[in-house]
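Visitor: Sequence:
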Amino acid sequence: MGCSNSKASDSVTKQGSGTPLTGKEQDKKVAKEQNNEYQATMQFLGKVQLFKRLPKDQHPLLAGAVEPQEFKAGSVVIKQGDPGSEFFIIKSGEASVKVTTDGATKTVATLKPGDYFGENALLRDEPRAATISAETDLVTFKLGREKFCNLGLNEKLQFANRKAVGQGAGRTVQTKPPSPKTDAERVLIGEALRSNENLNTMVTLDDKRVKKLTDVAWKETVQKGQTIITEGDMIADYFYIVAEGLFEVLVPAEDGNSNSLEVVTTVRKGGSFGELALLYLVPRAATVKAKESSVVWVIDRTQFKNVLMQSEDSKIAEYIKYLGRVGVLECLLAEEKTAIAKALVEMHFQKGEVVLQQGEPGSTFYILFDGEVVVTKNDVEQVRMKATHDTCHFFGERALLNNEPRAATVAVVSETAKALVLDRDSFNMLLGPLADIIARGAPEKQARSSIKDDPSKAQMAKFTRKEGERIHRKDLQRVGLLGCGGFGAVELWEHRVTGETYAMKGLSKGYVVQTGMQQSVMNEKNILLMTNSPFIIRLYMTYNGSQTLYFLMEPALGGELYATYNKKGLHGSERHAKYYIAGTVFAFQHMHERRIIYRDLKPENLLLTELGHLKVTDMGLAKFVIGKTYTTCGTPDYFAPELIASSGHTNAVDWWTLGILLFELMSGHPPFESAYPMQIYSKVMKGINKVPFPVKCQGPVGELIKGLLKKEPSERLPMRPGGTRNIKEQKWYNDFDWGAMENGTMEAPYKPTVKSKKDICNFSARPQDMPKQVAYKDDGTGWDKDFAS
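Quick note: the sequence shown, position 637, residue 637 per the UniProt record's numbering, numbers continuous.
One or more of the hints may lead you astray.
Claimed, not checked - Listed below are the simulated DSBU-like cross-link pairs for lysine-lysine, each with C-alpha atoms no more than 30 Å apart in a straight line: (1) 176 <-> 142; (2) 112 <-> 147; (3) 758 <-> 56; (4) 29 <-> 47; (5) 683 <-> 305; (6) 683 <-> 163; (7) 91 <-> 72; (8) 163 <-> 52; (9) 686 <-> 212; (10) 418 <-> 623; (11) 731 <-> 683; (12) 52 <-> 147; (13) 578 <-> 706; (14) 785 <-> 474; (15) 163 <-> 690; (16) 79 <-> 52; (17) 91 <-> 106; (18) 163 <-> 757.
To be verified - Pair by pair, the computed Cβ-Cβ distance ranges are: (19) 24 <-> 55: 33 to 41 Å; (20) 770 <-> 353: 28 to 36 Å; (21) 100 <-> 699: 22 to 30 Å.
Just so you know, these hints were derived from the structure itself, not from any lab.
In this text, a Cβ means the ideal position worked out from N, Cα and C, and glycines have one as well.
Start from the sequences, fold in the hints, and give me the full structure.
Guide: So this is what it looks like as structure tokens:
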């Protein structure tokens with residue numbers, strides 16, 4: 001009896017019948033249910049952004065690692081500000097997301113089955129950004145960092161690099177003549193410009209600028225059903241204001257069908273779209289289609305930039321007036337004074353700071369235009385100079401002639417002081433030695449033109465390395481793929497005879513021409529030839545193929561710092577951050593001495609050698625500059641305020657990016673991070689003091705970060721008197737051996753595993769990541785004739 005009861009208790013009735021399941025059938029059913037649950041878990045995990053970076057063959061291992069955890073309604077799953085090491089996926093139930101800011105708590109989202117949270121906790125210590133509470137009974141799948149790392153999943157993650165953006169200076173933007181406008185139309189355009197939040201995040205649109213932008217706008221008719229913007233289109237040069245009609249903004253649907261689009265918003269009369277195109281060249285983020293016959297006003301990027309630069313022109317005119325009062329410069333022609341005015345750099349001083357020290361050699365000339373200084377000779381006060389809106393003072397002008405010792409000390413006595421600064425090297429690069437210009441004298445003044453056509457050529461001749469033994473492309477054989485970019489790839493190649501290996505970067509000539517980057521590519525070659533630093537990747541040769549341009553460079557097989565930090569969990573380590581920041585400081589010092597602005601610092605562009613030494617790579621956005629340049633380019637997470645505002649930038653942008661890098665290395669994310677560029681720019685313009693600093697970014701390191709992320713470029717630590725010494729002597733770097741770092745004797749804090757000169761295991765690029773080639777047909781301009789070495 002007991003036996004039969006036992007069997008009965010073990011049996012399960014088949015659905016829809018009274019027949020009990022056999023033991024085998026029951027096992028099959030349980031296995032099927034478990035498999036369905038397992039597949040559902042796999043499906044959930046496949047949607048998580050972090051796990052999309054795992055090779056597919058690792059997903060079963062991941063699904064097997066998660067474990068169920070239940071929470072009663074009302075209980076807190078994770079709390080804002082607490083450290084976390086666990087990731088959750090909701091299987092059933094609902095949870096609320098609450099964020100507390102300035103003492104006020106706000107519910108910002110509701111999570112449902114299939115939603116997930118806490119993925120960053122699998123990689124690094126990071127305070128929870130929100131409080132997640134169970135609104136109903138909650139069933140979750142949980143995965144802890146320890147288990148994730150023990151399974152080696154962190155080592156197998158493949159991280160997509162952040163893309164840089166640029167302005168294709170070589171591309172001609174098609175413009176049309178301005179259309180006549182009624183008063184009502186001018187009002188509509190003006191209100192649309194002022195009400196575009198994104199546009200006003202980037203630049204200050206005062207009445208004068210609004211009027212000028214309104215003046216250049218032209219009118220176009222758009223037929224019903226016509227697509228005016230296509231997502232991914234590289235021809236993205238125009239901003240639109242709707243004069244009449246209605247437009248739909250569409251993005252790819254979440255169903256995975258690449259041809260399926262869904263409407264996210266509509267734009268009516270008085271609305272506007274496409275503003276990112278005014279800032280820089282970037283593929284369109286959405287498709288915009290006319291829902292009915294419509295009319296738009298159009299403004300192009302070139303004219304937009306020209307309007308912004310007109311305020312800079314008035315500054316230059318003011319500087320020229322200042323130069324007109326400097327006796328030693330009276331021999332200069334008007335165009336020469338203009339060239340010098342454009343090269344002047346603003347510098348800020350604080351009370352008590354010494355601008356010039358008696359007896360020290362000097363190479364810099366100053367125009368004081370704000371504040372007060374005292375001039376002393378042999379500790380005896382000689383004179384005080386106070387600058388006002390109408391009065392400026394200059395000193396140190398003899399330094400433009402020679403390197404004679406300073407005749408007096410100049411110190412700041414006002415709370416702050418501002419000066420325009422020019423050094424002798426910059427003057428000589430632009431015009432040649434001042435002594436030669438003076439010697440030529442007045443009779444020849446009208447006949448001469450001492451402005452050099454391209455100062456970078458002289459600078460390049462001064463610093464260009466002597467070529468070593470020629471390496472022929474035919475003697476190289478491909479080893480494997482190292483990395484892929486938007487219009488090129490980097491591969492490892494081996495010399496058939498010597499066995500030496502090289503990194504070969506190939507750029508599609510068709511893509512270069514399509515994006516107007518011809519001059520940038522030639523600049524990249526020239527700048528690489530001007531650099532000769534152990535902290536910068538070395539260029540050996542360049543080759544010119546029918547479809548591709550090639551850079552043959554020094555390999556760094558330890559991998560990218562970006563992937564290394566994420567896989568090895570190095571975020572927050574002071575020892576590692578100090579080493580990599582110091583290496584970048586030396587790279588920047590080397591570049592800035594040569595008047596090179598780098599502009600694209602990020603962990604993706606920092607490579608490690610087999611010994612773990614740091615190398616800066618990718619000079620694609622670097623530029624030789626005396627004074628300011630106006631091209632908006634770089635990686636949005638690292639954009640400086642002056643870059644966003646298109647107000648002109650100097651090498652101070654590089655020191656801003658160093659502050660962003662330091663914050664990212666210590667916290668795991670950049671300080672102004674957002675999925676949307678415009679939100680990044682909005683945060684940047686509000687300033688670093690609005691950013692909550694995690695514990696790892698507080699104390700001396702936080703002071704250094706804030707010293708680099710000053711909104712005013714001239715106030716960033718290395719731009720102040722003392723230069724890079726201000727970083728080297730900062731508290732965070734106490735006991736750091738800068739000499740050992742500079743000469744390469746300091747042991748790296750992390751040494752990658754590199755088994756041979758052909759080992760590419762520290763790179764995870766795949767053949768399917770290779771960019772599509774854009775066919776190139778020689779246009780006859782000869783833009784690439786000097787590329788091959």
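Visitor: For the pair we were handed, residue 91 and residue 106, check the Cα-Cα distance against 30 Å.
Guide: holds (25 Å)
Visitor: Would you check the hint for residue 163 and residue 52, treating anything up to 30 Å between C-alpha atoms as holding?
Guide: holds (18 Å)
Visitor: Given the hint that residue 112 pairs with residue 147, does the C-alpha gap stay at or below 30 Å?
Guide: Cα-Cα ~25 Å, so holds.
Visitor: For the pair we were handed, residue 29 and residue 47, check the Cα-Cα distance against 30 Å.
Guide: holds (27 Å)
Visitor: Below or equal to 30 Å on CA atoms is what counts here, so check residue 731 against residue 683.
Guide: holds (28 Å)
Visitor: Between residue 418 and residue 623, does the CA-CA distance stay at or below 30 Å?
Guide: holds (27 Å)
Visitor: For a C-alpha distance cap of 30 Å, please report whether residue 176 and residue 142 respect it.
Guide: Distance of about 59 Å is beyond 30 Å: violated.
Visitor: Within a Cα-Cα threshold of 30 Å, do residue 52 and residue 147 meet the stated pairing?
Guide: This hinted pair holds, its Cα atoms lying about 18 Å apart.
Visitor: Does residue 305 sit within 30 Å of residue 683, going by the straight-line distance between their CA atoms?
Guide: Answer holds: residue 683 to residue 305 is near 22 Å, not above 30 Å.
Visitor: For the pair supplied as a hint, residue 578 and residue 706, confirm whether the alpha-carbon distance does not exceed 30 Å.
Guide: Within the cut-off at roughly 16 Å; holds.
Visitor: Taking only the CA atoms, is the gap from residue 163 to residue 757 under or equal to 30 Å?
Guide: holds (28 Å)
Visitor: Given the hint that residue 686 pairs with residue 212, test it: the Cα-Cα distance must not exceed 30 Å.
Guide: holds (27 Å)
The structure is inconsistent with the numbered hints 1 and 20, although it conforms to all the rest.
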